[in-house]
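Q: From just these sequences and the hints, can you work out the full model?
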Amino acid sequence: MKRTHWCGELRREHVGLEVVVNGWVHALRKVGRIVFLVVRDRSGLVQAVVTPKNPNYSLVSELSLESVVAIKGVVRLRPPNQVNPEMPTGEIEIDVKEVQVLNPAKPLPLPIFDKELMKTTSETFRLKYRYLDLRRFEMLRNLTVRAKFITALREFFNANGFIEVETPYLARSTPEGARDFLVPSRLYPGKFYSLTQSPQLFKQLLMIAGFERYYQVARCFRDEDPRADRQPEFTQFDVEMSFVTAEDVMNIVEEAMRYAFKKVFNVDLENPFPKIKYREAMDKYGIDKPDLRFELFLETVTEHVRGLIPLREGDVARALRFNFSEELTKNVEGLIKEIIPSDGKVKYVYVLRGSNDVVTNEVGLAGDLIKVFNLGIGEGLVVTSGEYIKASEAIGNLRNSLGKLLGLADKNTYKFAWVVDFPLFELDEEGRLTSMHHPFTSPKLEEIPKLDTNPLEVTAQAYDLILNGYEVGGGSIRINKRELQEKILAILGLSKDEMLDRYGFLLEALEYGAPPHGGIALGLDRLVAIALGYDNIREVIAFPKTKEMTDPMTGAPSKPPEEYLREIKWIKVLTD
RNA sequence: GCCGCGGUAGUAUAGCCCGGCCCAGUAUGCGGGCCUGUCGAGCCCGUGACCCGGGUUCAAAUCCCGGCCGCGGCGCCA
Numbered sequence: 001m002k003r004t005h006w007c008g009e010l011r012r013e014h015v016g017l018e019v020v021v022n023g024w025v026h027a028l029r030k031v032g033r034i035v036f037l038v039v040r041d042r043s044g045l046v047q048a049v050v051t052p053k054n055p056n057y058s059l060v061s062e063l064s065l066e067s068v069v070a071i072k073g074v075v076r077l078r079p080p081n082q083v084n085p086e087m088p089t090g091e092i093e094i095d096v097k098e099v100q101v102l103n104p105a106k107p108l109p110l111p112i113f114d115k116e117l118m119k120t121t122s123e124t125f126r127l128k129y130r131y132l133d134l135r136r137f138e139m140l141r142n143l144t145v146r147a148k149f150i151t152a153l154r155e156f157f158n159a160n161g162f163i164e165v166e167t168p169y170l171a172r173s174t175p176e177g178a179r180d181f182l183v184p185s186r187l188y189p190g191k192f193y194s195l196t197q198s199p200q201l202f203k204q205l206l207m208i209a210g211f212e213r214y215y216q217v218a219r220c221f222r223d224e225d226p227r228a229d230r231q232p233e234f235t236q237f238d239v240e241m242s243f244v245t246a247e248d249v250m251n252i253v254e255e256a257m258r259y260a261f262k263k264v265f266n267v268d269l270e271n272p273f274p275k276i277k278y279r280e281a282m283d284k285y286g287i288d289k290p291d292l293r294f295e296l297f298l299e300t301v302t303e304h305v306r307g308l309i310p311l312r313e314g315d316v317a318r319a320l321r322f323n324f325s326e327e328l329t330k331n332v333e334g335l336i337k338e339i340i341p342s343d344g345k346v347k348y349v350y351v352l353r354g355s356n357d358v359v360t361n362e363v364g365l366a367g368d369l370i371k372v373f374n375l376g377i378g379e380g381l382v383v384t385s386g387e388y389i390k391a392s393e394a395i396g397n398l399r400n401s402l403g404k405l406l407g408l409a410d411k412n413t414y415k416f417a418w419v420v421d422f423p424l425f426e427l428d429e430e431g432r433l434t435s436m437h438h439p440f441t442s443p444k445l446e447e448i449p450k451l452d453t454n455p456l457e458v459t460a461q462a463y464d465l466i467l468n469g470y471e472v473g474g475g476s477i478r479i480n481k482r483e484l485q486e487k488i489l490a491i492l493g494l495s496k497d498e499m500l501d502r503y504g505f506l507l508e509a510l511e512y513g514a515p516p517h518g519g520i521a522l523g524l525d526r527l528v529a530i531a532l533g534y535d536n537i538r539e540v541i542a543f544p545k546t547k548e549m550t551d552p553m554t555g556a557p558s559k560p561p562e563e564y565l566r567e568i569k570w571i572k573v574l575t576d
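As numbered in this note's numbering, the first sequence has no gaps in its residue numbers, which increase by one up to the final residue, 576.
Take these hints with a grain of salt, some might be off.
When the alpha-carbon atoms are kept at most 25 Å apart in a straight line, the in silico SDA-like pairs for lysine to any residue are as follows [stated by the list, open to error]:
(1) K481 / F505
(2) K411 / V145
(3) K275 / F294
(4) K390 / G344
(5) K347 / I370
(6) K390 / E280
Simulated restraints, written as ranges between beta carbons of each label pair [to be verified]:
(7) A27 / V359: 42 to 52 Å
(8) N251 / V359: 46 to 56 Å
(9) D95 / P560: 50 to 60 Å
(10) V15 / L134: 12 to 22 Å
(11) A27 / K330: 33 to 43 Å
(12) P168 / E511: 18 to 28 Å
(13) N251 / N81: 51 to 61 Å
(14) E224 / G533: 24 to 34 Å
Worth flagging that the hints you see were computed from the coordinates, not collected in a lab.
None of the values given here were measured: they were computed from a predicted structure.
For every residue, glycine included, the Cβ atom is placed at its ideal position computed from N, Cα and C.
A: What follows is the structure, encoded as structure tokens:
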């Protein structure tokens with residue numbers, strides 16, 4: 001019995017046809033002596049009917065849910081009063097002639113087609129039986145949409161003269177940035193590959209190779225703690241172009257987004273996307289990836305609170321005020337406590353003025369703050385104090401989450417924007433200069449002289465693409481001259497020897513006719529997740545890891561057998 | 001590494017604050033039965049659980065301590 005039709009495509013026009021469908025037993029309803037069997041495949045559902053006259057009657061009536069079957073039968077119209085308007089195939093049903101049970105199924109551990117129960121089923125459990133979880137139409141849709149989105153981007157970039165090139169995942173470790181996943185080298189005991197954090201250097205080398213326009217759907221690996229929007233391995237849609245300015249890159253990426261969003265979601269995006277300067281973003285929103293779906297601005301209130309809140313030399317105070325409805329008081333308070341770091345670097349006060357009471361973490365201050373800020377009933381105020389960036393980020397982060405909690409952010413709006421004019425460097429915990437983007441980012445050429453005098457004031461030719469409070473892309477114009485690249489690496493504290501050891505291949509390549517070039521990496525998981533309305537990228541990844549970086553299904557990570565460790569010359573394992 | 005929340009049948013949830021009325025209730029699933037037009041089928045009967053370890057107490061699902069696991073966040077994420 002060979003499949004002739006998909007379940008979900010059968011319609012009135014197929015009436016009278018003998019068809020064969022394959023699929024899973026989605027539902028089995030025995031009403032009196034009639035058995036209604038709903039068969040499911042990727043395309044949808046169709047009802048089949050068996051009565052006691054049918055030689056397959058007992059076989060069908062004893063089927064278990066989710067068994068795999070092949071059904072041969074004749075499509076017929078349902079009696080007029082039995083049409084199910086909720087079902088695309090609801091006008092017809094299959095009068096069963098022959099049934100093959102290809103594989104009976106045991107009862108499922110996961111109630112996959114009980115929407116109510118699945119809403120609350122723990123994610124660990126879904127991940128343990130991910131192959132069942134993925135049978136749900138919602139997951140099928142998510143991954144289908146993801147595939148369509150990738151296809152749309154490929155179409156767009158192919159049509160614009162880009163070449164898709166694969167680059168290695170096993171590469172040389174470069175200690176900057178995130179922690180690497182290391183892979184021991186069997187042939188060179190004591191040496192390791194690292195899984196690429198991104199194709200950054202390879203794509204630059206492709207530009208030097210003269211490919212001019214490249215893209216790739218690239219897996220990236222970073223050994224840092226996951227979050228709802230971060231996984232240890234994730235997918236970037238990676239793009240690089242030669243002979244372009246930052247504007248050129250941003251323009252083509254905007255076009256790509258407009259094309260893909262229209263094609264896949266039928267959404268018209270703004271044209272052009274707004275651009276915000278980094279400093280303006282920090283000042284107005286306190287964060288470099290503000291959610292622009294709502295207007296709510298930070299204020300600098302250092303002078304208003306001087307004398308009330310203890311300020312160290314150079315500290316600033318930043319404030320966010322907002323209206324909230326009283327039943328959310330607890331949630332707002334919880335959010336503030338959760339988001340603002342309690343590491344002592346930032347101090348914070350909040351005052352939530354209800355109609356009968358005031359909720360605050362500083363009883364002694366609340367009265368004064370209400371007076372100073374003229375805080376009305378139903379208004380909340382959060383003041384952070386400390387070093388400008390820290391105080392701003394703490395409250396900016398809060399702003400993005402508060403927008404969701406207070407319903408300020410419209411779920412059906414996609415608010416893209418570019419954040420530009422990032423500083424080239426920032427200071428790390430130890431007060432050393434580090435690259436804000438990465439060490440291959442070009443400074444604005446006219447600011448090169450400032451590299452020696454005020455490196456922190458040098459602006460990068462870098463740009464982030466943001467969407468609804470998430471960073472969904474980041475890129476820059478790269479350095480294409482050896483001299484400048486060496487200078488940057490030197491400023492970052494690398495000795496000549498270290499430079500040559502780690503980046504010698506790049507530095508040399510820059511001398512053999514490296515064109516000006518730049519590009520971007522788009523966070524594909526985030527883009528698709530946000531477009532579908534999820535905060536959690538695991539919903540658009542077929543087999544994601546948990547927050548603790550495990551896979552409950554396969555049991556990864558696992559302990560390799562001793563012989564294997566011996567073979568790869570890596571038998572010393574330190575635990576803890 | 002840190003903070004918060006959580007862990008009760010296959011799944012989900014009630015009970016936990018305020019210990020005894022709980023050999024743990026409910027929904028769904030599963031097993032059996034009834035029903036010839038169901039489609040979240042319906043009705044009847046049955047089945048099955050307190051994360052692990054220690055402590056307090058006459059008595060622990062409930063209180064305390066430790067652990068494990070998960071989710072969210074902070075740090076981290078060039």
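Q: Next, verify each hint and record whether it holds.
A: Status of the hints after comparison with the structure:
1. K481 / F505: Within the cut-off at roughly 13 Å; holds.
2. K411 / V145: holds, 18 Å
3. K275 / F294: This hinted pair holds, its Cα atoms lying about 16 Å apart.
4. K390 / G344: Holds. K390 to G344 sits at ~11 Å (cutoff 25 Å).
5. K347 / I370: With Cα atoms ~18 Å apart, K347 and I370 stay inside 25 Å; holds.
6. K390 / E280: holds, 16 Å
7. A27 / V359: 42 to 52 Å: Holds, at about 50 Å.
8. N251 / V359: 46 to 56 Å: holds, 48 Å
9. D95 / P560: 50 to 60 Å: For D95 and P560 the Cβ distance comes to about 56 Å; the hint holds.
10. V15 / L134: 12 to 22 Å: violated, 33 Å
11. A27 / K330: 33 to 43 Å: holds, 42 Å
12. P168 / E511: 18 to 28 Å: holds, 23 Å
13. N251 / N81: 51 to 61 Å: Check passed, 58 Å falls within 51 to 61 Å.
14. E224 / G533: 24 to 34 Å: holds, 26 Å
This entry does not satisfy hint 10, going by the numbered hints stated previously; all others are met.
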